[in-house]
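Chains as they are written, first to last, in my numbering: chain A, 1 to 355; chain B, 356 to 678.
Please keep in mind that the hints were generated in silico from the structure rather than gathered at the bench.
A few of these clues could be false.
[As the list claims (entries may be wrong)] Below are the DSS-like pairs computed for lysine-lysine, each with C-alpha atoms no more than 27 angstroms apart in a straight line:
| no. | chain 1 | residue 1 | chain 2 | residue 2 |
| --- | --- | --- | --- | --- |
| 1 | B | Lys559 | B | Lys670 |
| 2 | B | Lys596 | A | Lys329 |
| 3 | B | Lys670 | A | Lys98 |
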Amino acid sequence: MPADAAPTTPATSASPSATAEGEARRADAASDRERRPSGWTARYGDAVPWLVLAAVAVALVAIYGLQPVAQTTLNGLSFGAVIAIGAVGLTLVYSILKLVNFAHGDFLTLGAYMAMLAGTAWGLPLPLGALFAMAVTAAVAMSLEVTIWRPMRRRRSGLLQLLLISLGIALIIRAAIQFAFGSQLHTLDVNVTDAYSFLGLTLGHTEAVVMTVGVVTLVALALGLRYSLLGRRMRALADNLELAETTGINTPRVILWTWVIGGGLAGLAGILAGARSSISPEFGFQLLLPMFAAVVMGGIGNVFGALVAGLVLAVGIEWSTLAIGPQWKIPVGFGILLLTLAVRPQGIFGTARTI
Amino acid sequence: MTVSAVFVADIDFWVSVGLLAGIFAVVGLGLQLNVGYTGILNFGPAGFMAIGAYSVGILVLEVGMSFLLACLIAMAISIGAGLIIGLPSLRLRGDYFAIVSIGIAEVIRYSALNLPDVTGGSQGLFCEGPRCWDDSWVGASDGINGVVESLGWADPPILFPLLLVVWVVVIAVVVTLSALQRAPWGRVVRAIRDDEDAARALGKNTFLYKLQSLSIAALLGAVAGLFMAMNLATVHPQDFKPLVTFFVFGVVILGGMASYWGVLAGSLVFWVVLEGTRFVELPVTDSQQAAIRFGVVGVILVAVMTLRSQGLFGKREEMVLGD
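Please build the complete structure, drawing on both the sequences and the hints.
As structure tokens, this is what we get:
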């Protein structure tokens, strides 16, 4: 049985009344039809991952007690905001361009360093610095699309070529950052002392802000993708790029917006990650592995899946610190991915559709 | 900014470049087999190199095995690792396998970092006092240098025998792999690269061939890793970061896709450039120098892929880099 992800349904509409809006809405309806296997897997298959998660949670509570499990879950949700936002940016680009963007991690790094720069050079408070940083990452992503990705797509370049180019870009961005700022650790200007206590749990002030910003961003993103015109167009492109091109959707413009959003999200994820810990030229790339894991776990190209998988993966990683040391976090995250791939290669969270 | 041109005559520089080029040529040849000839996106070379280096180091220093036996066992372990990695993941699509392979390499590196009792942790393994893992090699090495001296060369560098061995291995591997390519095995492998479904439809067990290809790359990676351990006299997790895998990719695409001799040329050019930058005295700090090094690799990757994707010696017809 091939392990490939969702088979795409052929576009249904051939009617001459296909306007851009109409086609987008029809693609909307088409992607809403769940493409699942039939039988008991259809009814219960999607619930299995959640049951497994619940079972693991119950087992952990039995072994370690409720408070540690709840505390690590809280930490995991805060870490998860970072991973989910980063994974969503990755998968958005993949869904439309089928490109695994190795440079995504270094966009995180770029965002964090730009926010730090805005703070130290111009004294901007972090929220404003964050806006500046996201503008920079979005602009860099946009200019790369215009100068490199679009010409390479026109030349019908293959998967490996684009992947290696993204790798090269990653190294160039990282080299520039290390050259400009040095390889030592830096910190963003955040409040690390204040904390909230409730129900026997503690949540740092910064962590609470990260979670809030994360939740707001992810909700806004989900709503935007579902209901906004741009969101519908992006989903149309993700479903079938060539067809979307023929229906009058301005595909280069939509792709550009995808890069802007993806780049901005990466910058935001970098700032949120930097707020939780210190930053170095490599820290974004180090987070790329859990993000890749979340993207694959959620079903590659599935934005909602990446979002949920990012949160679940981060919580799982934090749970592991109950049993083994924190230096194993990254391998644990990867181990969770391998387990997922062994059991359900098309992705655990999210169904077999593109977005 | 001054360029110290003295390096051109510095024999130690060339021996060091030659060693790095040879080591990366060995692992690059395995990568070429995977990516250029089989169509497997193997991002795990650093992991296989780590297996080779750490196996030899641990077996000799902590288990007390003889060097040659340790080398053989290290190669066997690596082939085994290739099988274990390949069995579940080679059925996945290309980009998934890239992610899985880089993840596994990182798990190997983190394991080396986090198990200090076995691997020396962040200190790594190094030769303790008079004992080194290549003590028996040192004897052979001195013997080779003795022969070289008797041929007229007054004072050969101490690493010269290693350089010879590495390049003998490189040439042997190129000859073997090229022969494999001309054989029926090679044709099936190329068919898998071009269109796996078609190959399967013709009744070929493509999974088995891909597994064999990966195992060969694992073996070559381990050999390169143990050469690296002999070259550096230390085994350190820092030497097996993903950046090393990216360097290997740089070597292979510079030389050109689907060309074994190209890997040699690419590796030599790559390392002459990278090591040569040490002699350009810029007013920069160490970390900035390091940044320039991998920045240059990034530029090479982007430039080759955008301007001349077949590299120096690749063949356009063999470049089925699409999906």
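Evaluated hints:
{"no.": "1", "hint": "B/Lys559 with B/Lys670", "result": "holds (26 angstroms)"}
{"no.": "2", "hint": "B/Lys596 with A/Lys329", "result": "holds (17 angstroms)"}
{"no.": "3", "hint": "B/Lys670 with A/Lys98", "result": "holds (25 angstroms)"}
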